[in-house]
Amino acid sequence: MSTYTPAALVRAGAPLKVAIDALISESSNRNDESFEVQAKFVATILEIAGYERANERTLDWRSVSFIPSGQYVQKLVQRFCSQLLEQRGSDVEDDDLASLIYHFSATKSRGSLPDPSSPNFLTFCIDEDNAGPLRIRTFPQHNDVGCSKIWEAGAALAEFLIHNSDLVRNKDVVEFGSGVGFTGLVVAGVSRVTSIHMTDYTSATLENLAFNVELQRDWLIARGVEPKSVTLGMLEWESYSENIGDPISAEGKRTWPWSGSFEALTKANLLLAADVVYDPNFIGALVRAVVKFFKLGTGLEGTERTAIFATTYRNRATFSLFENELLQHEIETMYHVLDDVPHVFPLYWTQPREDVRLCTMKLKAKRPC
0 MSTYTPAALV RAGAPLKVAI DALISESSNR NDESFEVQAK FVATILEIAG
50 YERANERTLD WRSVSFIPSG QYVQKLVQRF CSQLLEQRGS DVEDDDLASL
100 IYHFSATKSR GSLPDPSSPN FLTFCIDEDN AGPLRIRTFP QHNDVGCSKI
150 WEAGAALAEF LIHNSDLVRN KDVVEFGSGV GFTGLVVAGV SRVTSIHMTD
200 YTSATLENLA FNVELQRDWL IARGVEPKSV TLGMLEWESY SENIGDPISA
250 EGKRTWPWSG SFEALTKANL LLAADVVYDP NFIGALVRAV VKFFKLGTGL
300 EGTERTAIFA TTYRNRATFS LFENELLQHE IETMYHVLDD VPHVFPLYWT
350 QPREDVRLCT MKLKAKRPC
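Counting in numbering that gives the first Met the number 0, the sequence shown runs from 0 upward without gaps.
Note that these hints are calculated values from the structure, not bench results. Just so you know, these numbers come straight off a predicted model, no measurement behind them. Warning: the hint list may mix true and false statements.
What the hints assert, rightly or not - Using 25 angstroms as the maximum straight-line C-alpha spacing, the simulated BS3-like pairs for lysine-lysine come out as follows:
#  : residue 1 : residue 2
1  : 294       : 266
2  : 39        : 74
3  : 294       : 363
4  : 291       : 361
5  : 227       : 266
6  : 361       : 294
7  : 227       : 361
8  : 291       : 363
9  : 363       : 227
10 : 74        : 16
11 : 39        : 16
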């Protein structure tokens with residue numbers, strides 16, 4: 000795995016120990032004194048927040064927008080001071096760090112109490128252009144998995160398509176299970192698709208997805224992407240596979256989030272999905288939806304339809320059920336090795352990228368009689 004800077008780890012909301020170890024290790028490699036380690040820690044917090052310090056003698060921490068969140072930074076400060084004392088026997092020597100500790104004690108933060116409405120804003124620098132970082136809002140303590148985090152398979156699929164952009168370039172794309180919108184936004188901003196329509200099912204996830212798409216509007220424009228080419232809508236796999244139709248409001252009009260996902264699937268020639276294989280109860284509907292995408296499109300004559308799925312391998316029985324359903328519906332799969340794909344995003348903390356299975360899928364060609 001690539002070595003990430005301490006700033007990149009904090010921006011991505013890495014586990015506290017990982018971020019602190021990187022910070023202290025970086026300073027130890029330079030043989031910094033304890034007060035220098037503390038000053039570097041504070042400078043990193045300010046750099047991530049985009050705070051340009053004037054000549055003020057004492058920082059006013061109330062004017063700093065903490066990234067990824069105030070709660071995360073508070074825990075980071077607590078862990079940093081504890082580890083500094085344990086490893087170096089050092090008390091707080093830096094005035095700015097002391098004022099930061101006081102700031103958090105004075106604000107009476109809720110500390111470690113879970114708050115499902117408390118967001119993190121994760122940021123990622125994909126390359127060296129001037130578009131700025133990609134920002135994604137998550138709700139780490141929300142009980143809806145679609146808005147709680149960026150899942151490992153989503154990160155792996157994004158990395159794979161950054162470095163295999165020919166697979167998606169100039170395609171009309173639909174994504175199943177878009178969640179917080181991370182993979183879809185990376186594909187839209189980096190891989191030069193013609194259009195991408197992101198889908199999910201629950202209201203909480205769709206509302207957060209819409210927020211993130213709008214949040215990245217300027218980022219997309221800076222990368223030469225027309226914002227109207229990035230759309231989103233609700234999709235329920237069973238309804239799509241059974242051709243029940245897009246949900247309609249009481250007035251008989253489709254309004255957000257009922258934004259024509261069926262129509263987008265008819266137009267699309269590429270289907271993406273990450274971490275949608277997790278519940279055995281939904282696998283049948285998922286595969287039937289994939290089959291319908293392959294069979295019932297009315298795209299350009301001769302256009303071959305493809306799907307690319309990334310799945311984190313968690314349960315052998317569930318994954319085997321998925322593969323068996325694909326076989327029964329005559330869907331061919333080709334698995335891709337990720338070893339040669341560079342790591343871009345520091346997001347593999349629950350499971351390593353080696354646990355992700357990524358495959359390209361097509362409907363098996365019928366042999367002529």
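May I ask which of the numbered hints given earlier this structure violates, with the numbers listed in increasing order? Hints 7, 9 contradicted; others consistent.
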